[in-house]
Amino acid sequence: MLVSPPCMSEADRYSLEALQNIHQMMDDDKDGGIEVEESVE
Numbered sequence: 109m110l111v112s113p114p115c116m117s118e119a120d121r122y123s124l125e126a127l128q129n130i131h132q133m134m135d136d137d138k139d140g141g142i143e144v145e146e147s148v149e
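Under this note's numbering, think of the first position of the sequence shown as 109, with each following residue one higher.
Incorrect hints may appear among the rest.
[What the hints assert, rightly or not] Distance ranges between label pairs, derived from CB positions: (1) Met116 - Glu145: 15 to 23 Å; (2) Val144 - Leu124: 18 to 26 Å; (3) Arg121 - Ile142: 30 to 38 Å; (4) Ile142 - Tyr122: 31 to 39 Å; (5) Glu145 - Glu118: 22 to 30 Å; (6) Val144 - Met116: 20 to 28 Å; (7) Ser117 - Asp137: 16 to 24 Å; (8) Met116 - Asp137: 31 to 39 Å.
Source of the hints: derived by calculation from the structure; they are not laboratory data.
All C-beta atoms, glycine included, are put in the ideal place defined by N, C-alpha and C.
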């Protein structure tokens, strides 16, 4: 994965990947944003 700006450490890269995965799971309509309507909780 290419990150801009570059992460400082491997731990930073894993944290960024985790946040991106969570964002993708929450973005039901895949438009890049997370709206209140997409949350079932």
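Now the hints, each set against the structure:
In this structure, Met116 and Glu145 break the distance hint of 15 to 23 Å, their C-beta atoms being roughly 36 Å apart. For Val144 and Leu124, the hinted distance range of 18 to 26 Å is satisfied, since their beta carbons lie about 24 Å from each other. Against the hinted window of 30 to 38 Å, the Cβ-Cβ separation of Arg121 and Ile142 comes to about 22 Å, which falls outside the hint. Checked against the hint of 31 to 39 Å, the C-beta distance between Ile142 and Tyr122 comes to roughly 21 Å, which is inconsistent with it.
The hint said 22 to 30 Å for the Cβ distance between Glu145 and Glu118, and at roughly 36 Å that hint is violated. Remark: the range hint 20 to 28 Å for Val144 to Met116 is contradicted by a beta-carbon distance near 33 Å. Look at Ser117 against Asp137: about 33 Å separates their beta carbons, and that is not inside 16 to 24 Å. Taking 31 to 39 Å as the suggested C-beta distance range, the pair Met116 and Asp137 conforms, at roughly 33 Å.
When the structure is compared with the earlier hints, violations turn up for hints 1, 3, 4, 5, 6 and 7 and for no others.
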